[in-house]
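Asker: Going by our numbering, the first residue of the sequence shown is number 69, and it counts up by one from there.
Incorrect hints may appear among the rest.
Pair by pair, the computed Cβ-Cβ distance ranges are [claimed, not checked]:
(1) 297 <-> 350: 19 to 29 angstroms
(2) 250 <-> 113: 48 to 58 angstroms
(3) 184 <-> 126: 32 to 42 angstroms
(4) 294 <-> 184: 33 to 43 angstroms
Hints are computed from structural coordinates only; laboratory data are not their basis. All C-beta atoms in this analysis are idealised placements derived from N, C-alpha and C, irrespective of residue type, glycine included.
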Amino acid sequence: MNPNTLTDQLSLFLDVLETGSFSAAARRHPITPSAVARRIDSLENSVGSRLFQRSTHAVVPTPAGMAFAERARRIVSELQLARAEAVSLSHAPEGLIRVDAPAAFGRRHLAPVIADFLNVYPGLDVHLHLIDSFVDMQGAHLGKVDLVLRAGHIVDTRLIATPLASIVRIACASPAYLKSRGTPTHPRELSDHDGLDWDGLAPMFAWRFELDGRRATYRPQRIRMSANNAEALLCGALAGLGIAHLPTWLASEYLVRGELLPLFCQEGLPNPETTGIYALRLEQQPNARSRLLLEYLKSRFSPVPPWDLALQSGLI
69 MNPNTLTDQL
79 SLFLDVLETG
89 SFSAAARRHP
99 ITPSAVARRI
109 DSLENSVGSR
119 LFQRSTHAVV
129 PTPAGMAFAE
139 RARRIVSELQ
149 LARAEAVSLS
159 HAPEGLIRVD
169 APAAFGRRHL
179 APVIADFLNV
189 YPGLDVHLHL
199 IDSFVDMQGA
209 HLGKVDLVLR
219 AGHIVDTRLI
229 ATPLASIVRI
239 ACASPAYLKS
249 RGTPTHPREL
259 SDHDGLDWDG
269 LAPMFAWRFE
279 LDGRRATYRP
289 QRIRMSANNA
299 EALLCGALAG
309 LGIAHLPTWL
319 ASEYLVRGEL
329 LPLFCQEGLP
339 NPETTGIYAL
349 RLEQQPNARS
359 RLLLEYLKSR
369 FSPVPPWDLA
379 LQSGLI
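Make the full structure from the sequences, and use the hints.
Answerer: See below:
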């Protein structure tokens, strides 16, 4: 099987596993839900085992599917790394890659990975420009830079998007706040609590929770602090002002250390959002330097981002 085809098929399988839905997985790829179902059927025929139990409400992995997923994640990661290494061995890449990325994500996750990338490819240089915006999906700086990292729903069809990482959002609060106000056991109880919320345009899935296969919106009634920046909301949560609904790429390290406590995670991490973190570009085919960086970022951030792997082990 062609390595690209194998990677795509296994990535699609993992997307179905993460979202629990053919429709949600289809939104991550330029295909229809029926095409997703056909490809999963084909994969099950190739494997010789049923990987999912289907119903009208959800697609649930079988024990064989869960076991297969562990190896599929490793295979996808190894194929991505092998592809990047093969390109690097065919010639010594040289030149500058210009990247525009959100400041908070760039500081926490992107800059360390780019540093590792530059150690692997000593002939390459990266100009990393960190900005405040994370939800502007218009790619305003494309043309001036090679890649723009953004998160959210892609609306500009001119742009070519490469998925880098899924987004999981968790309601959380400090131990001091929960000791003082009590710990809600269901999202509907959020109305009895103080919160920290977005000022103006909020992310698409802020305060939306999946219950019985459906998404519903629940939020605190009193907002102690609002801001147009997720790091500001994180600071408020750490200070004990109330409950925040934060992406795990931002809150994971504080959740792992116990400085924040996760809510409504009795069965593990919530399902990933149907949006994600993307690298945007204008060209259908990226230049060789950008392609190397894209493959390296995918190998480090997918199929399950490292910040979520750290959380999963703590919630199991």
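Asker: It remains to establish, for every hint, whether it holds in the given structure.
Answerer: We went through each hint and held it up to the structure:
The given range of 19 to 29 angstroms is respected by residue 297 and residue 350, whose C-beta atoms sit roughly 28 angstroms from each other. Checked against the given bound of 48 to 58 angstroms, the beta carbons of residue 250 and residue 113, roughly 51 angstroms apart, stay inside it. With their beta carbons about 38 angstroms apart, residue 184 and residue 126 fall inside the hinted range of 32 to 42 angstroms. For residue 294 and residue 184, the hinted distance range of 33 to 43 angstroms is satisfied, since their beta carbons lie about 37 angstroms from each other.
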